[in-house]
Amino acid sequence: MAIVPVVRGLYVCERVDGDPVSKNLTLHNCFRGFRLSALPGTPRPFFVVAYLANGLGPLSIRTTISSPITPTVVFSHLAEITAPDRLTEVRFVLQVFCRFPTAGSYDISLEVNGELIALSPFRVNLMEAREP
Amino acid sequence: MTLKPDVESFTESLDEPLFWFTSDENPPDVAPRQRTADELLAFMRGRLKFYGSPLPDGFVPPPGVDIDALLKQLPWPPAPDA
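Protein sequence lines, in the order shown, are assigned to chains U and S.
Residues in the first sequence are numbered consecutively from 136, following this note's numbering.
Residues in the second sequence are numbered consecutively from 31, following this note's numbering.
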């Protein structure tokens with residue numbers, strides 16, 4: 136039987152380094168929004184990182200980026216993992232390639248086995264044009 | 031008192047499982063899509079859980095979806111305290 140975990144942390148960051156020896160993660164430049172020079176636009180790939188605890192068994196993790204207003208889905212990714220036991224924290228890292236259609240508010244959400252376990256607001260702005 | 035490190039220290043290694051994924055760099059379709067009614071119901075349940083209300087200010091319902099019918103499936107508005 137699968138048990139849906141809780142999220143100890145959901146982070147969005149520019150880069151993740153995994154130490155090959157210690158296996159510890161270093162998250163660089165955690166952020167909550169982008170400024171893009173043009174829209175629609177595809178920014179540099181970024182990372183969604185989640186620390187999951189108290190889960191057990193096979194877990195389907197759906198990561199979605201959507202506009203809460205319209206409501207439009209601009210990114211969706213499904214990953215299958217297995218949590219070995221409830222006392223072991225599981226680290227989930229997803230490198231995201233995503234195209235944003237418009238400026239505005241977005242939600243990054245994490246669903247596990249169909250249940251929403253984390254929701255984080257995220258903003259995309261259009262960079263102001265520079266004077267020539 | 032100033033606490034200056036005067037011993038060697040090392041961080042412990044994490045033995046927890048690490049699952050690393052990369053989304054498709056060349057997805058077949060990058061066009062935004064509207065949520066279906068079922069997805070919208072799940073979305074509203076999630077918003078209720080995290081934000082306390084099923085829909086954000088300025089929400090624009092997608093065409094062909096009966097928002098009122100979906101709202102009736104949620105404990106919303108909350109019942110007044112007895």
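Certain hints may be false.
[Said to hold, decoys possible] Per label pair, the in silico range of CB-to-CB distance:
(1) P107(S) - S240(U): 20 to 30 angstroms
(2) P92(S) - A214(U): 38 to 48 angstroms
(3) P35(S) - D152(U): 15 to 25 angstroms
(4) A214(U) - M31(S): 23 to 33 angstroms
(5) P35(S) - L174(U): 22 to 32 angstroms
(6) R179(U) - P107(S): 24 to 34 angstroms
(7) S39(S) - E263(U): 39 to 49 angstroms
Keep in mind that the hints were calculated from the coordinates and are not lab data.
It should be emphasised that the depicted structure is a prediction, and the values quoted were computed from it without experimental measurement.
From the three backbone atoms N, C-alpha and C, an ideal C-beta is built for every residue, glycine too.
(message) Can you tell me whether the CB distance of A214(U) to M31(S) sits inside 23 to 33 angstroms?
(response) violated, 49 angstroms
(request) With respect to the beta-carbon atoms only, verify the hint that P107(S) and S240(U) lie 20 to 30 angstroms apart. (result) Given about 23 angstroms between the Cβ atoms, the range holds.
(request) Can you let me know if the beta-carbon spacing of P35(S) and L174(U) is within 22 to 32 angstroms? (result) violated, 48 angstroms
(request) Given the hint of 38 to 48 angstroms, check if P92(S) and A214(U) actually sit that far apart at their C-beta atoms. (result) Violated, at about 27 angstroms.
(request) Given the hint of 39 to 49 angstroms, check if S39(S) and E263(U) actually sit that far apart at their C-beta atoms. (result) At roughly 46 angstroms between Cβ atoms, E263(U) and S39(S) fall inside 39 to 49 angstroms, so the hint holds.
(request) Return holds or violated for the Cβ distance of P35(S) and D152(U) against the range 15 to 25 angstroms. (result) holds, 23 angstroms
(message) Given a hint of 24 to 34 angstroms, does the C-beta separation of R179(U) and P107(S) actually sit inside it?
(response) About 42 angstroms separates the Cβ atoms of R179(U) and P107(S), which means 24 to 34 angstroms is violated.
Going through the hint list in order, the structure does not satisfy hints 2, 4, 5, 6.
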